[in-house]
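The listed protein sequences correspond, in order, to chains A and B. The C-terminal position of the first sequence is numbered 383 in my numbering, with every residue numbered one higher than the one before it. The C-terminal position of the second sequence is numbered 181 in my numbering, with every residue numbered one higher than the one before it.
None of these hints come from the bench; they were simulated from the model. Do not rely on the hints blindly, as some may be mistaken.
Calculated cross-link-like contacts (lysine to aspartate or glutamate; reagent style DMTMM-like; alpha-carbon spacing at most 20 Å) [what the hints assert, rightly or not]: (1) A/Lys158 - B/Asp141; (2) A/Lys158 - B/Glu56; (3) A/Lys151 - B/Asp49; (4) A/Lys303 - A/Asp293; (5) B/Lys24 - A/Asp293; (6) B/Lys14 - B/Asp81; (7) A/Lys248 - A/Glu320; (8) A/Lys304 - A/Glu331; (9) A/Lys174 - B/Asp27; (10) A/Lys174 - B/Asp141; (11) B/Lys20 - B/Asp65; (12) B/Lys167 - A/Glu152; (13) A/Lys167 - B/Asp129; (14) A/Lys158 - B/Asp81; (15) A/Lys151 - B/Asp140; (16) B/Lys172 - A/Asp293; (17) B/Lys20 - A/Glu307.
Here chain B is said to cover these stretches of chain A; the calculated rule only asks that three of the stretch's residues, wherever they fall, bring their Cβ under 8 Å from a Cβ of chain B [said to hold, decoys possible]: (18) 153 to 164; (19) 169 to 179.
We put the CB at the ideal spot given by N, CA and C, even for glycine.
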Amino acid sequence: MRSHLYLHPLKGIRCVIKSPVLRPNSSIMVTLTEKELIGKLKELRQITPRKDWAVLTKTRILAQEPEYRRRASVSFFPFLKPKPAFAGFVALFMVVGGFYVAVKNSLPGESLYAIRRIAHQGEAFFVSQQEKPVFQLKLANDRLEDLTKVSARNLAPTLDEFQANISQAAKELVKMDAATSTPLAIKKIIEETKKLEENKQKAESLGVVIDGTEELDNILQAIVGNLIEDLEQRSLTEDKEEVLSQMKELFGAEKYSQALELYLINQ
Amino acid sequence: MGNKRKEFSKIYDKYIDRIYRFVFLKVSSKDVAQDLCSDAFLKCWEVYNNGTKIDNIQAFLYRIARNLVIDHYRQKGRMQFVSFESLPIIDPNPGLEEKLAFDSDLELIKAAIPSLREDYQNVVIWRYLDDLPIPEIARMMDKSEEATRVTLHRALKSLRKKINKNKVKEG
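This is chain A alone, in the form it adopts within the complex (with noise of 0.2 Å):
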């Protein structure tokens, strides 16, 4: 027996293979003719590979991705490529990530909605004083738009809510001054409250009955009031005597908002 020691270019060594080594014998020391040679070649077509091998070569390589996509996903985006050392900061991110969308889509009835409601108390106290009336109007809008997301049982806490808004954005506005604020402030207060009629109208139109914007009426009712006291005491011309006389009919109307407005425009 011979060994042969068979050595893989990449692989190392892979093993030593041990064969019969013949001799040949003395019946056959005969010089081989072209056609004897030619025939014995032919014999050597039996040489095949073991089908179990072939088989599962086969397989192997079919199962292969290709190099070229291999490299794309190599060369493309690297940083896509998943991190160890980042995962849990992955995993970290996306759980804070997902609670915080969960807290700021939550309802008022709703657990989560308690963090949501000490989080607008928490921005509440860093808004200015000026600015405190649209930020409660601007809750109220909010709460007045969950109407239309909300279950038949979160009805009830989201009015409670939209309520304890306008009650506050009321007490807000008591405190304003309309003659001494600036226009972007009374621009705001009109924009918010407009928004809040059409959401109104929207909720209503959904069967849902909308109490408390008395109050905010009443509010408004007071500001546009003293809005057209203010100017009946000032000497006007021409032209603001026609927005004062167009404010009154407006507010003979009920139409505060339009009242304001119209006051800004002109002012």
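With chain A fixed as given, assemble chain B onto it according to the hints.
Chain B in isolation, oriented as in the chain A frame:
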């Protein structure tokens, strides 16, 4: 993708015996032949699956196999050490082993093939083992048909000379 797998599966079944035999006769080792042969088909599959047009899949497979054999010898510096007398005889399958035991001519032929020039090896294998027509061999060798016939004739003469010389030496 599924169609390509089916198509390549047919190509594999058609050429696996030839490519394995081609490589085995050059390296005289079953394990090396298996490794190089599977590498050849893997490279071919990657090119095929990439959508690259392959005009002659048989020629392409042989070219990959030839390059892999050359790389194999080059990496280990084995090209210079292939000696006709020292070549081990490794059985490709049990049936042939038995046959070789009773026919030392086959053993001598098989051992002599790797000691031939590379183009002589190729032309002998393609013509007498794979039964390829001369025009096809000429295309793969990038030679004229006439030049291919001359090469084949010289290859046979060289092989016969090596075998007969060894027979006389052993005898």
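Hints not upheld, ascending by number: Per hint list: 2, 3, 5, 6, 7, 10, 13, 14, 16, 17 violated.
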